[in-house]
Amino acid sequence: MNFFGTLSIDSFVQTSAVAMGAQVFVIVAATGGVLWLIFSGTLDWLWREWLTSLDHKRIGVMYLILAGIMGVRGLADATLLRTQQATAALPSSGYLSAEHFAEIFSAHGVIMIFFVAMPLIFGLINLVIPLQIRSRDVAFPFLNSLSLWLTVAGALLVNASLVVGQFSAAGWLPYPPLSELAFSPGVGVDYYIWALQIAGVASLISAINFLTTIITMRTHGMRLMHMPMFTWTTLGSMLLVLFAFPLLTVVLALLFFDRALGMHFFTSTLGGNPMMFVNLIWAWGHPEVYILVLPLFGVFSEVVPTFSHKKLFGYTSMVVATMAITALSFLVWVHHFFTMGAGANVNAVFGIATMAIAIPTGVKIFNWLFTMFRGRIVFKTPMLWFMGFVSTFVIGGMTGVLLSIPGADYQLHNSVFLVAHFHNMIIGGVVFGFFAGFTYWFPKFAGFTLDERLGKWAFWLWVTGFLVAFMPLYALGLMGMTRRLYVVDPSWQPLLIVAAVGLAIILAAVAVQIAQLVVSVRNRERLHAGHNPWGSHAPEWAPLPPVDRTHNTGVAMCIGALAFLGGFGMVWHMWWLAILALAVSAVLFILPPFKHV
Amino acid sequence: MPVLFPHGVVASQESALIVQATLLMLIVALPVFFLLFYFAWRYRASGRGRHMPNWSHSRFDELIWWAVPIEIILVLGALTWTSTHMLDPHKPLSPAGDAMVVQVVALPWKWLFLYPQYGIATLNFVEIPTQTPVEFQITADAPMNSFWVPALGGQIYAMPGMINPLRLSADSPGDYHGVSANYSGAGFADMHFNLRAASRDDFDTWVASVRKGKGVLSAPVYSALRVPGVAATVAYARVQRGLFDRIVGQFLDAGSPMRH
Chain X
4 MNFFGTLSID
14 SFVQTSAVAM
24 GAQVFVIVAA
34 TGGVLWLIFS
44 GTLDWLWREW
54 LTSLDHKRIG
64 VMYLILAGIM
74 GVRGLADATL
84 LRTQQATAAL
94 PSSGYLSAEH
104 FAEIFSAHGV
114 IMIFFVAMPL
124 IFGLINLVIP
134 LQIRSRDVAF
144 PFLNSLSLWL
154 TVAGALLVNA
164 SLVVGQFSAA
174 GWLPYPPLSE
184 LAFSPGVGVD
194 YYIWALQIAG
204 VASLISAINF
214 LTTIITMRTH
224 GMRLMHMPMF
234 TWTTLGSMLL
244 VLFAFPLLTV
254 VLALLFFDRA
264 LGMHFFTSTL
274 GGNPMMFVNL
284 IWAWGHPEVY
294 ILVLPLFGVF
304 SEVVPTFSHK
314 KLFGYTSMVV
324 ATMAITALSF
334 LVWVHHFFTM
344 GAGANVNAVF
354 GIATMAIAIP
364 TGVKIFNWLF
374 TMFRGRIVFK
384 TPMLWFMGFV
394 STFVIGGMTG
404 VLLSIPGADY
414 QLHNSVFLVA
424 HFHNMIIGGV
434 VFGFFAGFTY
444 WFPKFAGFTL
454 DERLGKWAFW
464 LWVTGFLVAF
474 MPLYALGLMG
484 MTRRLYVVDP
494 SWQPLLIVAA
504 VGLAIILAAV
514 AVQIAQLVVS
524 VRNRERLHAG
534 HNPWGSHAPE
544 WAPLPPVDRT
554 HNTGVAMCIG
564 ALAFLGGFGM
574 VWHMWWLAIL
584 ALAVSAVLFI
594 LPPFKHV
Chain Y
52 MPVLFPHGVV
62 ASQESALIVQ
72 ATLLMLIVAL
82 PVFFLLFYFA
92 WRYRASGRGR
102 HMPNWSHSRF
112 DELIWWAVPI
122 EIILVLGALT
132 WTSTHMLDPH
142 KPLSPAGDAM
152 VVQVVALPWK
162 WLFLYPQYGI
172 ATLNFVEIPT
182 QTPVEFQITA
192 DAPMNSFWVP
202 ALGGQIYAMP
212 GMINPLRLSA
222 DSPGDYHGVS
232 ANYSGAGFAD
242 MHFNLRAASR
252 DDFDTWVASV
262 RKGKGVLSAP
272 VYSALRVPGV
282 AATVAYARVQ
292 RGLFDRIVGQ
302 FLDAGSPMRH
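First to last, the protein sequences are chains X and Y. Quick note on my numbering: the first sequence kicks off at 4 and runs consecutively. Quick note on my numbering: the second sequence kicks off at 52 and runs consecutively.
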């Protein structure tokens with residue numbers, strides 16, 4: 004058996020200029036970052052104050068930094084995709100090869116969902132939940148740190164594929180048989196599997212942690228029906244993680260058994276069944292979108308009352324609606340593949356179950372609107388994000404209900420109409436919701452507010468950019484344009500150019516947001532905020548006694564590093580490395596409590 | 052916009068469904084937009100709207116916005132139930148069973164069409180008579196694809212070892228664009244075909260002209276088609292007996308590649 008498994012010098016050879024550029028960039032950025040840390044003398048401080056910290060606030064901030072870095076990668080991928088499609092109207096074939104284009108759209112989806120959206124919500128949850136239920140920290144601070152570092156390990160594994168080997172070219176959900184060894188012989192799908200296995204376990208650990216925290220560590224007298232809405236929606240979201248993520252773990256493991264051990268769970272031959280994969284992955288995948296959006300619904304339930312200077316309307320309704328969404332989201336997964344050819348009864352039942360989710364979601368929107376009714380609304384940026392959210396989310400909700408009607412879905416599925424719909428929900432719901440929450444809670448942690456003028460600029464650019472980038476895709480879908488095309492029909496080009504302009508506007512919005520952070524830090528004296536700058540009545544704004552924390556541990560980060568190595572070993576069939584990494588992690592995980600024996 | 056301005060009975064019903072459902076949803080969506088911007092303007096801090104900071108509950112109001120969406124979803128649900136059964140791709144378009152059969156094989160990265168009633172086959176293009184129900188029996192000898200002709204009606208997945216039927220019909224003669232809608236590898240973008248709908252007479256003339264040709268879809272010719280790559284359009288005057296059944300059946304036995 005080869006010491007390096009399937010890894011060889013050839014694995015480092017990238018075939019196109021763009022791929023080589025990415026490879027060189029990652030190597031330079033990584034070595035540059037490490038050298039800077041060592042020679043600037045910040046490493047010691049970073050290690051003591053941040054990397055080994057078990058403080059939920061610092062872990063939250065590190066999640067957000069991870070999401071920010073990976074967001075830049077995801078946006079770079081989006082830029083490549085949009086410019087390719089805008090320029091590759093036949094007979095021109097653009098500047099990306101078909102294979103490379105497929106790797107990029109696969110990586111874009113994986114990164115944006117697993118390494119941007121998930122860290123964003125876990126960042127917010129980490130920062131706010133303990134304060135909102137007024138507990139000292141989470142139930143299991145060490146596991147919290149472990150979740151963070153396992154997520155980082157997964158993210159690193161995705162980026163490692165830029166340097167050595169390649170990433171999956173089978174889409175963000177790698178349907179077999181395309182993702183089987185027969186059609187995807189490279190290491191791309193294996194990178195996908197192990198990056199998500201590691202990050203998936205991290206999410207599961209986090210869910211157990213926050214469920215325990217919310218259920219057992221609420222302050223004296225805070226009964227369930229006293230919990231703030233953000234805590235309720237987080238509870239719903241974490242319940243979904245708890246029940247959905249094990250499915251992901253299993254389905255990825257089975258796919259790996261197929262690929263590495265020659266098994267036949269999902270192959271077309273020897274009794275394997277690719278449709279089983281599609282069912283299992285969506286039984287996780289549909290709850291996943293509610294995992295992402297529920298906490299942001301909670302954010303709006305905090306933001307709207309605060310800036311309307313009024314109590315939240317219909318708290319009980321909101322709780323019922325949240326839990327209804329939580330339960331229903333497990334009963335709709337077949338709507339992702341009506342076109343697989345299940346019978347009319349099955350398709351109709353799942354279609355109607357899907358529409359039913361529109362009911363509690365609609366109730367939430369009306370409750371927010373009637374929180375504004377007879378209020379005194381101040382349009383600070385968080386409130387603007389709410390306005391942007393409702394305006395765009397209603398469009399996405401309508402196209403979503405269309406897609407949930409099987410007869411309509413046959414004509415809309417797999418077209419860029421679908422692509423427009425889910426970006427509509429993720430950007431309008433998750434991304435705008437995060438910006439609302441981030442701006443809202445920022446002064447709680449930083450002691451100063453974010454610059455309002457630049458924030459408003461970012462808001463208008465984001466909303467405009469979103470509309471310009473994605474409304475054309477709805478039209479293109481109705482024109483019959485399917486998703487994932489690296490070359491396109493010339494008649495689609497004008498609208499694709501419009502979409503590319505939309506992306507440019509979004510990039511400008513992100514640039515303004517980065518400038519907003521820099522300017523706000525620089526003007527922090529002027530932007531200084533007291534304990535409660537918005538005049539909110541929510542519990543997290545009340546001053547907390549200072550937490551004296553001296554307990555730090557680097558074990559979680561070490562296990563994260565080992566998980567990266569182990570995952571790398573699995574990808575390249577260096578079994579000894581994988582087993583060694585797992586064994587050392589196990590020892591590191593078990594040992595600490597014995598220190599005091 | 053072939054989806055909204057189609058040329059086939061199935062696609063027409065599907066586009067009507069899209070329009071109906073959209074109008075129904077506007078009953079909720081328009082008030083939301085109106086209330087959002089009206090409340091935002093009326094109750095802005097500098098405005099003169101009444102301020103009732105503690106008004107946070109009204110059983111009657113909440114009943115309204117639980118009830119209205121529920122009713123709309125009930126109507127949409129009924130529409131979904133009936134339309135899903137009406138537009139079930141597996142359901143014959145006419146009860147008499149007089150549909151023309153076209154067997155479709157998604158290959159890496161080409162579409163093969165077999166006409167069992169005529170004994171001919173075509174690659175990367177398909178011709179059908181107008182005003183005639185056509186039953187496409189779809190399978191794959193490749194990763195999963197999706198067979199979609201937007202102007203005629205919705206898609207269905209092409210999967211190895213399975214026959215997924217899709218019933219469509221064309222109203223008027225014309226050339227309609229067909230594609231694979233499900234990503235199936237590097238050649239996916241080239242995996243499109245032209246569907247020509249012709250009058251019955253023109254169709255019969257075309258069949259006769261294909262039959263006069265030389266190409267034969269034999270086992271070796273088919274094997275060559277299984278090699279990943281893109282191909283031009285081809286018409287085959289004859290097809291080896293039982294080919295389609297063997298293409299579908301190969302996955303059910305020992306799992307070895309197809310033997311001829």
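Errors might be hidden in some of the hints.
[As the list claims (entries may be wrong)] With a Cα cut of at most 25 Å, we get these calculated DMTMM-like pairs of lysine to aspartate or glutamate: (1) X:Lys314 to Y:Glu186; (2) Y:Lys142 to Y:Asp241; (3) Y:Lys142 to Y:Asp296; (4) X:Lys314 to Y:Asp112.
[To be verified] Some chain X residues flagged as far from chain Y (calculated, every beta-carbon gap over 10 Å): (5) Phe28; (6) Ala163; (7) Tyr178; (8) Arg221; (9) Lys314; (10) Ser588.
[Said to hold, decoys possible] Computed from the model, here is a short list of chain X residues facing chain Y with C-beta under 7 Å: (11) Tyr98; (12) Glu102; (13) Leu134; (14) Leu176; (15) Leu184; (16) Pro188; (17) Met279; (18) Leu283; (19) Trp285; (20) Thr342; (21) Ala345; (22) Val349; (23) Ala356; (24) Ile368; (25) Val404; (26) Met482.
I should point out that these hints are in silico values taken from the structure, not numbers from a laboratory. Since the model is a prediction, treat every value here as computed from it, not as a measurement. In this text, a Cβ means the ideal position worked out from N, Cα and C, and glycines have one as well.
Hints, one by one, checked against the model:
{"no.": "1", "hint": "X:Lys314 to Y:Glu186", "result": "violated (60 Å)"}
{"no.": "2", "hint": "Y:Lys142 to Y:Asp241", "result": "violated (30 Å)"}
{"no.": "3", "hint": "Y:Lys142 to Y:Asp296", "result": "holds (22 Å)"}
{"no.": "4", "hint": "X:Lys314 to Y:Asp112", "result": "holds (16 Å)"}
{"no.": "5", "hint": "Phe28", "result": "holds (25 Å)"}
{"no.": "6", "hint": "Ala163", "result": "holds (23 Å)"}
{"no.": "7", "hint": "Tyr178", "result": "violated (6 Å)"}
{"no.": "8", "hint": "Arg221", "result": "holds (22 Å)"}
{"no.": "9", "hint": "Lys314", "result": "violated (4 Å)"}
{"no.": "10", "hint": "Ser588", "result": "holds (36 Å)"}
{"no.": "11", "hint": "Tyr98", "result": "violated (15 Å)"}
{"no.": "12", "hint": "Glu102", "result": "holds (5 Å)"}
{"no.": "13", "hint": "Leu134", "result": "violated (23 Å)"}
{"no.": "14", "hint": "Leu176", "result": "violated (10 Å)"}
{"no.": "15", "hint": "Leu184", "result": "violated (12 Å)"}
{"no.": "16", "hint": "Pro188", "result": "violated (12 Å)"}
{"no.": "17", "hint": "Met279", "result": "violated (12 Å)"}
{"no.": "18", "hint": "Leu283", "result": "violated (15 Å)"}
{"no.": "19", "hint": "Trp285", "result": "violated (14 Å)"}
{"no.": "20", "hint": "Thr342", "result": "holds (5 Å)"}
{"no.": "21", "hint": "Ala345", "result": "violated (10 Å)"}
{"no.": "22", "hint": "Val349", "result": "violated (9 Å)"}
{"no.": "23", "hint": "Ala356", "result": "violated (9 Å)"}
{"no.": "24", "hint": "Ile368", "result": "holds (6 Å)"}
{"no.": "25", "hint": "Val404", "result": "holds (6 Å)"}
{"no.": "26", "hint": "Met482", "result": "holds (5 Å)"}
Of the numbered hints stated above, those contradicted by the structure are hints 1, 2, 7, 9, 11, 13, 14, 15, 16, 17, 18, 19, 21, 22, 23, listed in ascending order.
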